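Chemist: Protein chains in written order, with my numbering: chain W, 1 to 376; chain D, 377 to 752; chain F, 753 to 1090; chain L, 1091 to 1428.
Certain hints may be false.
[As the list claims (entries may be wrong)] Here are the simulated distance ranges between beta carbons:
1. Met613(D) / Asp890(F): 57 to 65 Å
2. Met613(D) / His1089(F): 43 to 51 Å
3. His754(F) / Gly442(D): 47 to 55 Å
4. Arg323(W) / Gly1108(L): 50 to 58 Å
5. Asp1228(L) / Pro649(D): 39 to 47 Å
6. Ala645(D) / Lys970(F): 51 to 59 Å
None of these hints come from the bench; they were simulated from the model.
Computed from a predicted model, the values in this text were never measured in an experiment.
Just so you know, even glycine gets a beta-carbon here, dropped at the ideal spot from N, CA and C.
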Amino acid sequence: MDLTWPAEDEAFRREARQWLEANVPRPALPSGDTREGFALHLEWERLLFEHRWSVVSWPEEFGGRGASLWQWLIFEEEYYRAGAPQRVTQNGIFLLAPTVFEFGTPEQQQRILPRMAAAEDLWCQGWSEPGAGSDLAGITSRAERMDGGWRLTGQKIWTTRGAFCTHLFGLFRSDPESSRHKGLTYFLVPLDSPGVTVRGFGRLDGDEGFAEVFLDGVEVGEEDVLGGVGKGWSVAMATTGSERGLTLRSPGRFSAVVDRLLDKARAAADLDPVLVDRVVQGWMDAEAYRLFTLQAVTALAGGGRPGAESSLNKIWWSEMDVRLHETALALEGAGAEVDGPWMRGYEFSLSGPIYAGTNEIQRNIAAERFLGLPRS
Amino acid sequence: MDLTWPAEDEAFRREARQWLEANVPRPALPSGDTREGFALHLEWERLLFEHRWSVVSWPEEFGGRGASLWQWLIFEEEYYRAGAPQRVTQNGIFLLAPTVFEFGTPEQQQRILPRMAAAEDLWCQGWSEPGAGSDLAGITSRAERMDGGWRLTGQKIWTTRGAFCTHLFGLFRSDPESSRHKGLTYFLVPLDSPGVTVRGFGRLDGDEGFAEVFLDGVEVGEEDVLGGVGKGWSVAMATTGSERGLTLRSPGRFSAVVDRLLDKARAAADLDPVLVDRVVQGWMDAEAYRLFTLQAVTALAGGGRPGAESSLNKIWWSEMDVRLHETALALEGAGAEVDGPWMRGYEFSLSGPIYAGTNEIQRNIAAERFLGLPRS
Amino acid sequence: MHFAFDDDQIAVRDAVAGLLEKRAGPAFLQQAWSEPAGPAVWALWDELAGMGVQGLVAPESAGGSAMDSVTLALVLAEAGRVALPLPLLETAAVGVPLLAAAGDPAGILAALVDGSAVLTAAGGPAGWAPVPGASRADWFLLDGTLYARDEVEIEPVASVDRTRDAAMVTPRARGIPIGDESDATNATNATDAGALASAAVLVGLGRALVQMTVDYVKDRKQFGVPVGSFQAVKHHLADATMHVEFAAPAVWAAAWETDRAGELDDGHVRRSVSLAKALASDGAERAARAALQCHGAMGYTDDYPLHMWLKRVWCLAPSYGSARWHRLRVGRELGLHR
Amino acid sequence: MHFAFDDDQIAVRDAVAGLLEKRAGPAFLQQAWSEPAGPAVWALWDELAGMGVQGLVAPESAGGSAMDSVTLALVLAEAGRVALPLPLLETAAVGVPLLAAAGDPAGILAALVDGSAVLTAAGGPAGWAPVPGASRADWFLLDGTLYARDEVEIEPVASVDRTRDAAMVTPRARGIPIGDESDATNATNATDAGALASAAVLVGLGRALVQMTVDYVKDRKQFGVPVGSFQAVKHHLADATMHVEFAAPAVWAAAWETDRAGELDDGHVRRSVSLAKALASDGAERAARAALQCHGAMGYTDDYPLHMWLKRVWCLAPSYGSARWHRLRVGRELGLHR
């Protein structure tokens, strides 16, 4: 056991910190979930890429630095500490890319990954459908064979920032006789294809952060199938694993929130000890998350795979994030209703226990796979 | 709406308070769930009866005062306020008696109720079996027809104070072909009958408060069937209704606990504001319970029947009771482990969310019957 | 002892509920969201006045109905049920009763009652707590003092609840004290009136949130069965409804006691109001969390009306004292803070 | 950065776990319940000493193994798993390291290590916090000072956990300071050692409670299916295991930092210890509540062994500072209390 960082990681941290301090836009960009804000975020993404900070953990040939998982954690810590912009490219980088690395052909990797790293192709996720939310196996969008490819028809919903993206990845039912999680195929779809209609709509915070995507006989090629026909479920589960696991929520995100919460509490004129207690609990929760993650990353760095404890991880960070924001709003009292960073952050945090598998489902998974309780 | 008490109720309250102040044993009796303590509690029960305080709401002919539901509430408030002994007769009075009033023949009422009021017959409950806890319909103890009566065989468990009682009421399967909640009959069984074996065992707090009752061909008569052969389920549900409903837990019980908690907090040398907040929350919870109950009793006094809100009632008081005791123990800090009234009370409170239908089942009932959600 | 509503109370409640059901459905609220202080929204103000709602507890001499605070609380709960986007609690339950008790010092009671004047109030210290209905209001009650529109500075703010039409309002003149007591006591009286009224609204909001969610989860299917058949969803909703339904009687009781403030100990009535507001804030916040979680992604979009109820709860729960603020006050009353 | 156990640490943990599994099962604990300070119970003390457990972190000069605090924490978690009814944490993790650091002022280190002497300690202010293992202990650590048995007054108390063999112990002599610092600092050092050690024990207790309950609900049937297939039961247990498993790394990290107290800021190490104890207390208490609730009436009897784990949690969670006490301390460290 060794809880110190080696010199090379400290050097990496210094380099990241210096670059971020020099380059993070001030004042902060407007929300990337509006059309104007998204454009500004794209500029930022391209600057990141230019300096090879957009995908630090990827191999250099695809635009990364071949950084270790540890350095990725360090980068995230510094990124959020610096108050850098939200990553509007994250659904591609964190959800699709791991799947392409694992299941993609060399041609697909070359075609998809560098353009993703450079924010030239912008990917959104096409999982949910009107009748299939938490229950992914209820998908009815279909893929029909045609000469040299497939014809896609159906409706996807809740695709984050779908109205601003260029490509969609998602599951379609390629075997019309199949049901549930059989007979699904994972497709990659350019959103400028004929037959695609995208309609953006508002989130809780009023930003146009969601979209519905309608597909009406959209033609794609064989090269747009990821991981094999009919294997969509297991391919997608690998992605879902990374969505639920470590990668999407690095501890640095929450440590940065806690730092801001501490500053806010210290600045309060007449500090209520009951709220102080909640602030300290928030600090503790974030510290516990950091340590739990260091333990998990040690296992991954040693060649392990994320297990059912990913469910515990997701429950922890998502409910902690809600509480941290509730505490900050409680510090604001009756003034909290004025739309500000904490209220915005609160609204965003409320999606945590819902998306990427609701926390009810995560608790089932934790109980069944981590503790071995019987399925009902 | 009128939230004041009429003069006659105030007079009743004064009479009860004066009598209790003059008669409640000092120092407090030892636990009634030990053999020695039980004997002392019986003396107290007989004193109550002698002065017609043992069953105030019953008709005078059975030993009561014909007091209204309101006066019953007032009596309970004064009883707990005075720190009077636990009612070791409560399972008969609160669970069996309402059923006898509703389903008993005049002969049964005459035979059972006055002796119960006088604490001459002591009743324990025979619901649970080793294979049937929350799931009452899983009962396997059987009743076989014989000349002029029935022969009972089986095992009952978790009968509170069963080792000290003289009679048991419980459900037996009278139709061997039946399953689940059909074919059950409600029987009244003298525990000195041949074939009965009672084994007492300890509760969490170490008192011998539970018993297992083994029945091996115990003979009872037709007059020991309550409410008709094969009708045990619906007859028992009426009793269960009163166990889950208002009667078992009057608000006065918790107001008295809160009063002691307030005294304890006021006496603390160095009062932590976080604990004060929990104490106040406890006061609020008990007040809410009192008001909710007044509302429910108004409906009952107007001829209504307890509805699914009884489930909410049971969840509220049982979880409040645990929190009140946790708060008191938190005030004691590292000294809390020493067995004292709060630790004893805490152990007792922990049975609240378990017995009389676990709170998980109560939440199902509330969701299904109060809110109309579909059964799973 | 009779803890149930009289026929009169029920009749008034049902009449107002009927009007609101007809006129103030989700589409109306959506309209208020798009155009917060629009004429379509304010047209309902006149209809409410026509029914006598603003003047429910005003004396008959001012054109009011001289009804009791329990009736008003019942009506406010109905306003909460539809998330009424108008400053009704401020006019009808803060301004009117306090001005009536003070002998109508500004001579505006009749105008408030007939709907021609609008009063609003800050649910906390002026300049910190936003004031709803600010772009239309004629009178502003801030820290226990009444100001005319030309006596205050109004700076619109972006409330998370757009239908609130909120602004920060700060006095620029001396104003008219809203009682004969010290400024602090006048402010406390205003806080208590607002706390009781907002508690009633929060009960209505909480009930609506539970009901909307029950309707949704009965209908919405996942894994081939209604979402509402899962035990986790049932338990979320059972907890939510429990906390709302245990807050409700505390609100009615506090309203009943408020009308008997002369007979009862002052501290006792304040304690009852604090009880009502603390329980109602907590209950509505629990209902809001459960409602959003049980709706899943569907609740997390402004395409679907649920969010407007959530946001109203977020605004009202900390107004006129958060649950914690009221617990602190009760703690002092119970002799627990030294 | 490598947050995992070394082979040595794992080997020691597994050896001790093996001994405890063989010797300290539920029947052994039941025996301790019936006869708390009986010879059968204390026989295990010598076996543990034979394996070097009491002297794990003692210097080799005193017969110890000079291992690190992480190894000791792992061993204590195993002791927690079986709810070991002996004052191991007090001797091995409070007395030994503090006496070793202070240069063995009473000359008892070797005797503690070889098991011939027993040290116990109060998990809070002397005279208020009960002391476990009191009828057998030779040395008592109270408020940062060490006393021989004939220097204290021992008054047995009825602990809710009978296996604790607890007493109130008050000094009747000057005693020997357990360090070179002020009395207050010595006392704080003892509290920190005890907090870290009891946090490790609480993690083990929490894990055992979850595991016993998982085993029970898989087996126990209601309504024709295993109780463990109900979503409510699953969610209770998922929450319990989450809180225990998020406390565990905080305990290992605090142990690791404790051995580097010289290199790290003092306040930083104390803060890590407080983090560990607060999380472990809360985690174990949640596990205890979930375990009892999921066991139903079966857990609510002293016929079934579960209650002994519950009661140990009730004793240790508030010892050496409750979760709240540690949050208060961290709050000061974070500059939040003025």
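Chemist: Would you mind marking each hint as holding or not holding in the structure?
Modeler: So, going through the hints one by one against the coordinates:
1. Met613(D) / Asp890(F): 57 to 65 Å: 60 Å, holds
2. Met613(D) / His1089(F): 43 to 51 Å: 48 Å, holds
3. His754(F) / Gly442(D): 47 to 55 Å: 20 Å, violated
4. Arg323(W) / Gly1108(L): 50 to 58 Å: 41 Å, violated
5. Asp1228(L) / Pro649(D): 39 to 47 Å: For Asp1228(L) and Pro649(D) the Cβ distance comes to about 41 Å; the hint holds.
6. Ala645(D) / Lys970(F): 51 to 59 Å: Holds, since Ala645(D) and Lys970(F) (Cβ atoms, about 54 Å apart) stay within the stated range.
Comparing the model with each earlier hint shows violations of hints 3, 4; every other hint is respected.
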